[in-house]
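Student: Read off the chains here:
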Amino acid sequence: MKYCLVVDDSSVIRKVSRRILEDMRFRVSEAENGEKALDMCRAEMPDVVLLDWNMPVMDGYEFLMQVRQIPGGDEPKIIFCTTENDIAHISRALEAGANEYIMKPFDKDIVAAKFQDAGII
Amino acid sequence: MTELDFQFLCGFLKTRSGLALTPEKRYLVESRLSPICRRFELDTLSGLVGALKVGRTPGLETAVVEAMTTNETFFFRDKGPFDLFRDVLLPRYLTARAGARRLRIWCAAASTGQEPYSLAMLLNEASARLAGWQVQIVATDISTEVLEKAKAGIYNQFEVQRGLPIQLLVKYFKQNGDQWQISPQIRAMVDYRPLNLIKEFGHLGTFDIIYCRNVLIYFDKPTKSDVLERLAKAMAPDGALLLGAAETVIGLTDSLSPDVANRGLYGKAVSEASVPPRIAALR
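Listed in order, the protein sequences are those of chains A and B. Every letter in the first sequence is one number past the one before it in this note's numbering, and letter 100, counting from 1, is 166. Every letter in the second sequence is one number past the one before it in this note's numbering, and letter 64, counting from 1, is 212.
Derived by calculation from the structure, the hints in this document are not laboratory data. In this text, all values refer to a predicted model and were calculated from it rather than measured experimentally. Accuracy of the hints is not assured; some may be wrong.
To be verified - Simulated coverage check for chain A against chain B, where a stretch passes if three residues somewhere in it have a Cβ under 8 Å from a Cβ of chain B:
no., stretch
1, 148 to 161
2, 164 to 174
3, 177 to 187
Beta carbons are placed, not taken as given, at the ideal position from N, Cα and C, and that holds for glycine.
Okay, chain A solo, but in the shape it has when bound (with noise of 0.2 Å):
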């Protein structure tokens, strides 16, 4: 079973995904901002990232910059799922690393188009 990881600081949002993922049949653990997401990554690394990139704390790019320095960070898929619409984000977040790119909103439909696309399902 995949691990995947959601994290973003609302508390709906996560339950959302949880329900999504879990019905997609992956393992699914929150964090609700980059640093604690970095904390868990630490401990075990997940498959997928599922990542906010307006959050308390440590917001989604800088933890996309930094996981990806941390040893076997560069093996997770990291799908940014957040309300930064604009092609700015997302050609920055691409230009970091990201795998894919989820604009909320969302539904179970989309989750499963943009994780076959990034090639996880």
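Given chain A's structure and the hints, the job is docking chain B onto it.
Tutor: Only chain B this time, still in chain A's reference frame:
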């Protein structure tokens, strides 16, 4: 809606678009035609049927046919047919057409354009190998309304997230608020034309590759056979036909046969008459 009204609509839609309705699709007729009643200020579906019979309401027949047409589509739908295009068909015809340097592709049920634009993007990604080639994508649909949307190439956020890799969105689309428009360069690669598949389409000429996906499922068996026979005639001798995952040629035509190595891909059947005598004798 009375049983007689439903029977009339079944006959009308079968004649105009080939759509074969079964009794359990009655709910679909009611849900899709109710908005047409409101648009044309007709009180009931029986009133709509009456107006169709009289035939003096401009635009009503087209509106009914278009309302009953399923336009479900998205970029790179089902993925496999597009992987097949990039990995099998394009290399095959780059070799086979190296002399003429000409490739003709037909999307026979183009809907709002996602299928032909997906192919156009793949062609553009392979542009280095296609320098000096004349490539044409003809995209047809029975509905003029969806073709207008296809020509504009403008999609909402939901539409560009279903099947379109983010790298291609960034590369080929321009953002305008929540809308995304595909680039003029990609739009210019597709030639949109209205076409009813149950009518003659020989005037479109011959194609190397035909995508006719998820449309035959709405036709009855004789209509499927007729369309497949005519699609076979519109194919080059070594042409390729791609059907939807729930569609086949088996039991419908002897003019086409499946490519056993590639699911969903069909070629012209090799008949005894077309095999040179020496090879035929060895069989």
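Student: Could you run down the list of hints and mark each one as holding or not?
Tutor: Here's how the hints hold up against the structure:
1. 148 to 161: holds (count 6)
2. 164 to 174: That given contact holds, which follows from 5 residues of the stretch 164 to 174 of chain A lying within Cβ reach (below 8 Å) of chain B.
3. 177 to 187: With 4 residues in contact (Cβ-Cβ under 8 Å with chain B), the coverage given for the stretch 177 to 187 of chain A holds.
The structure fails none of the hints (numbered hints given earlier).
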